[in-house]
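S.K.: Sequences are here, hints too, so could you generate the full structure?
Residue numbers (my numbering), protein chains in the order written: chain A, 2 to 524; chain B, 26 to 407.
In short, the hints are calculated from the structure, not lab data. It cannot be assumed that every hint is accurate.
Each computed BS3-like pair below joins lysine-lysine, with the alpha-carbon atoms no more than 30 Å apart [to be verified]: (1) A:360 x A:253; (2) B:259 x A:328; (3) B:259 x B:275; (4) A:350 x B:259; (5) A:376 x A:253; (6) A:360 x B:275; (7) A:361 x A:253.
Covered stretches of chain A (in silico footprint by chain B; criterion: 3 or more residues with CB under 8 Å from a CB of chain B, positions within the stretch not fixed) [stated by the list, open to error]: (8) 54-64; (9) 79-85.
Here are some, though not all, of the chain A residues that point toward chain B, as calculated from beta-carbon distances under 8 Å [stated by the list, open to error]: (10) 49; (11) 71; (12) 74; (13) 88; (14) 97; (15) 99; (16) 102; (17) 104; (18) 116; (19) 118; (20) 120; (21) 123; (22) 472; (23) 476; (24) 492; (25) 494.
As the structure is a prediction and not an experimental result, all values here were calculated from the model. Here a beta-carbon is modelled for each residue, glycine too, at the ideal position from N, C-alpha and C.
So you can see what is in the structure, the chains are spelled out below.
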Amino acid sequence: MIDPLVVELSRLQFAATAMYHFIFVPLTLGLSFLMAVMESVYVMTGRSVWRKATLFWGTLFGINFAMGVATGIVMEFQFGMNWSYYSHYVGDVFGAPLAIEGLMAFFLEATFIGLFFFGWDRLKPVGHLAVTWLMALGANFSALWILIANGWMQNPVGAAFNPDTMRMEVTDFMAVIFNSVAQAKFVHTVSAGYVTGSVFVLAISALFLLQGKYADIAKRSMVVAASFGLASALSVVVLGDESGYVATEHQKMKIAAMEAMYETEPAPAGLTLFAIPGADGRPTYQVTFPFVLGLITTRSLDRDLPGITELTERAAMRVASGVDAYKALSVIRTGVYDANARATFEVHKADLGYALLLKKYRADVENATGEEIAKAALDTVPDVWPLFWSFRIMVGIGFFYIAFFGFWFWKASTHRLDTSRFWLRAALWTLPLPWLAIEGGWFIAEYGRQPWVVEGVLPTFYAASGLTVWDLVISLAFFLLTYTVLLVIMVWLMVRVIKAGPADKSVLDLSDDTAPANPEPAQ
Amino acid sequence: MSAIPLDYETLRLIWWALLGILLIGFAIMGGMDLGIGALLPFVARTDDERRVLLNLAGPTWEGNQVWLVLGGGAIFAAWPAIYAASFSGFYIAMIAILLALILRPVGFKFRGKVDDPRWRTVWDWALFVGGFVPALVFGVAVGNLFLGVPFRLDDVLRPSYEGNFFLLLTPFALVAGLVSLSMLLTQGAAIIAMRTDGAVAERARTYGRWAALATAALFVVGGVVALYLLTGFKVTSVQNPLGPSNPLGKTVVLEQGAWRANYTNLPWMIVAPILAIAGSLGAWWALGAKAKILGILASSLAIFGIISTAGLSLFPFLMPSSIDPASSLTVWDASSSQLTLFIMLIATLIFLPIVLIYTAWVYRVMRGTVTPTSLGRNPNAY
Chain A
2 MIDPLVVELS
12 RLQFAATAMY
22 HFIFVPLTLG
32 LSFLMAVMES
42 VYVMTGRSVW
52 RKATLFWGTL
62 FGINFAMGVA
72 TGIVMEFQFG
82 MNWSYYSHYV
92 GDVFGAPLAI
102 EGLMAFFLEA
112 TFIGLFFFGW
122 DRLKPVGHLA
132 VTWLMALGAN
142 FSALWILIAN
152 GWMQNPVGAA
162 FNPDTMRMEV
172 TDFMAVIFNS
182 VAQAKFVHTV
192 SAGYVTGSVF
202 VLAISALFLL
212 QGKYADIAKR
222 SMVVAASFGL
232 ASALSVVVLG
242 DESGYVATEH
252 QKMKIAAMEA
262 MYETEPAPAG
272 LTLFAIPGAD
282 GRPTYQVTFP
292 FVLGLITTRS
302 LDRDLPGITE
312 LTERAAMRVA
322 SGVDAYKALS
332 VIRTGVYDAN
342 ARATFEVHKA
352 DLGYALLLKK
362 YRADVENATG
372 EEIAKAALDT
382 VPDVWPLFWS
392 FRIMVGIGFF
402 YIAFFGFWFW
412 KASTHRLDTS
422 RFWLRAALWT
432 LPLPWLAIEG
442 GWFIAEYGRQ
452 PWVVEGVLPT
462 FYAASGLTVW
472 DLVISLAFFL
482 LTYTVLLVIM
492 VWLMVRVIKA
502 GPADKSVLDL
512 SDDTAPANPE
522 PAQ
Chain B
26 MSAIPLDYET
36 LRLIWWALLG
46 ILLIGFAIMG
56 GMDLGIGALL
66 PFVARTDDER
76 RVLLNLAGPT
86 WEGNQVWLVL
96 GGGAIFAAWP
106 AIYAASFSGF
116 YIAMIAILLA
126 LILRPVGFKF
136 RGKVDDPRWR
146 TVWDWALFVG
156 GFVPALVFGV
166 AVGNLFLGVP
176 FRLDDVLRPS
186 YEGNFFLLLT
196 PFALVAGLVS
206 LSMLLTQGAA
216 IIAMRTDGAV
226 AERARTYGRW
236 AALATAALFV
246 VGGVVALYLL
256 TGFKVTSVQN
266 PLGPSNPLGK
276 TVVLEQGAWR
286 ANYTNLPWMI
296 VAPILAIAGS
306 LGAWWALGAK
316 AKILGILASS
326 LAIFGIISTA
336 GLSLFPFLMP
346 SSIDPASSLT
356 VWDASSSQLT
366 LFIMLIATLI
376 FLPIVLIYTA
386 WVYRVMRGTV
396 TPTSLGRNPN
406 AY
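M.R.: Spelled out as structure tokens, the structure:
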């Protein structure tokens, strides 16, 4: 079996590199659309201030995008490097969306980003606008395919285990693409990116207004960001609710853990606002909204929501059933045809993954004791409290941003963007919150799925590569060092660009031959 | 599975060819930028000259690198066993490649943002590492495929690797690494010679001619060693090209000169090494004759020939195992399921032509000679 320390370090490395990568991705998703909107206004009205705004946000976008590419290339290869058994076991299903992401999305985004920066004086305004939209579209398609891949890890539909090849294989690719979990996650995730982009634009514009600089660009940017941000904040919460609803169908344990709900709640379950863990880890004191959780998760008043204790009992039955599948599989793999074994395998194969949980305790899973089965069932419970609090932080920030953008939308509609220094300062200081919510969201999605790497199919500890501790120490140290140094440099460069502002020579008006067809009206 | 209109054997062969096409695509397209990076400190001496090179690569390098990303994705989707065994086996080598590749996007983007010679010199060398290290290490990895990789599969097909990074650095693998390096240096030099003028183009031609000669010479040396001196691999049991992808159960023997077998059985394959040598010598000639387009075409032809030679020589092996030859991964036992190969083929047939069309359009928009004066007008220039 793989050294448990290697598994833990592999998990830490994947979490660190993925979370670093996702510092940059949401801003790319959001800013690309905001720039496309601003440039559209430029092309439609011919006012050069909108081009200036696009160029300014584009400079920051470019610095962020470089970091996204740098950290993204690692993601493409890490599955094979650190999770080789995962790659073997589910590559037939999981590899396809990743490859299609490259073909359909990343090629589009990466090819047109070059023209976005270098094509200003080589393309007509409409041509350049098309390039900007294609780039934004590419970024969003990219998110779609990545979340189809991730959605499959949460809800592995459209695939079956093949005893001849000892792996999961695709049976219905359409089911993989139209996986309800994947679709809910996609819209939730890109909306979160749009909120991030809007907060970024709004906060930096607020800084400019506080400094009394570049009001022309700052106010226009704020109008776009406030409208786009309000729509996105609403959709991120509504679609997040959709995510919760589909998770109830497929990942009941995750929901129960997020809610620290040990015992099954009679319908309709209440939503815990906050709780204090007792000595045994269970909540001792909690404040609960009646009915709300049941409504969110089951959209009914009469369906029970199972608690952790009940789900653990169900898991124990699945582990026992998985052992039967495992025994039948051993017979099938001897190569001697045995109709009985085939039939037994068909009945129990959905639980084969649960038997693999026993690999932590013994290699010969077929001889597992009742005690080991109980231990494996307990392993299906993720750590409750980190999930409980991350979820509350994420949701709290989500609701905060609805109010925040509603407020700024109202300020923009009534032309009072720069009347209160207090609110401008508040806008600036909320800048880190979207990242906190997004990283929290990914933490819930991934940590809440433990002990599984693919829900119910493959345990995480069983999926890792058989590397040495030193391999991991070296790579983890290099990644953390490189990423952190680059992140510091990136923030420093962004601050420089923001300080220089849109009037910096790097964003001066271009030569006249690119002026739009409509002459600029006098202001 | 009867609904799939192509049989498993054909699909496996198509995906073997597509794997080659994607790797060749990366070496030709991304190779220009890796070569430019590795040549940067030498071909360009002043800040203006270096900016010419960076802005030559700038508009297109990100799209070019997607060939590598797509190559990784395609190996995962079509050859998951290779994806699992190779990247975990070559772990430290992969880390070196990734850390080098990480330096490129930030190097391109960050360098020009601060007007300070020390700052810019640091990023120039970062871009050098970002070009040089992957160009060399990719070749070393391919060289190791000829030698066999010390991995084995257990009964549940879990790969485990019993070597370390330094064991990869054998003389033959280093020759293969140098072939890869000189081939990509030639490619970088050829595009610099084509798209710049003056002293930069002149130096690129000089470096490029040496690199092209080195490519041809090292390729011949490596080829003779691989075909005549190395202990190659041979499958001795019958493999069913339509069978499930399970590498265990076949028998493989090691035999000196086994890599020659394909050329004996199918003499037309000799075309690949001939193209490799003709392309390299053609690039050497074209760079000397200042034939701009011929230079990049000949260099690309050399890349096509060299990578094809590697793939054809190894066939049907993709990744032989030196410690447990029966674990070797071949075209017939390391692929995805028939359905996945078919779905991925459809996706490729739809999207790859579209990619080629818009890539060609972007190159057309950005065509022309890059000079210090042509940069002055663009506020986004690197």
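S.K.: All hints, please: hold or fail.
M.R.: Hints, one by one, checked against the model:
no., hint, result
1, A:360 x A:253, "24 Å, holds"
2, B:259 x A:328, "36 Å, violated"
3, B:259 x B:275, "11 Å, holds"
4, A:350 x B:259, "37 Å, violated"
5, A:376 x A:253, "19 Å, holds"
6, A:360 x B:275, "28 Å, holds"
7, A:361 x A:253, "23 Å, holds"
8, 54-64, "holds (count 5)"
9, 79-85, "holds (count 5)"
10, 49, "13 Å, violated"
11, 71, "4 Å, holds"
12, 74, "5 Å, holds"
13, 88, "4 Å, holds"
14, 97, "5 Å, holds"
15, 99, "4 Å, holds"
16, 102, "7 Å, holds"
17, 104, "4 Å, holds"
18, 116, "6 Å, holds"
19, 118, "4 Å, holds"
20, 120, "6 Å, holds"
21, 123, "5 Å, holds"
22, 472, "5 Å, holds"
23, 476, "5 Å, holds"
24, 492, "12 Å, violated"
25, 494, "5 Å, holds"
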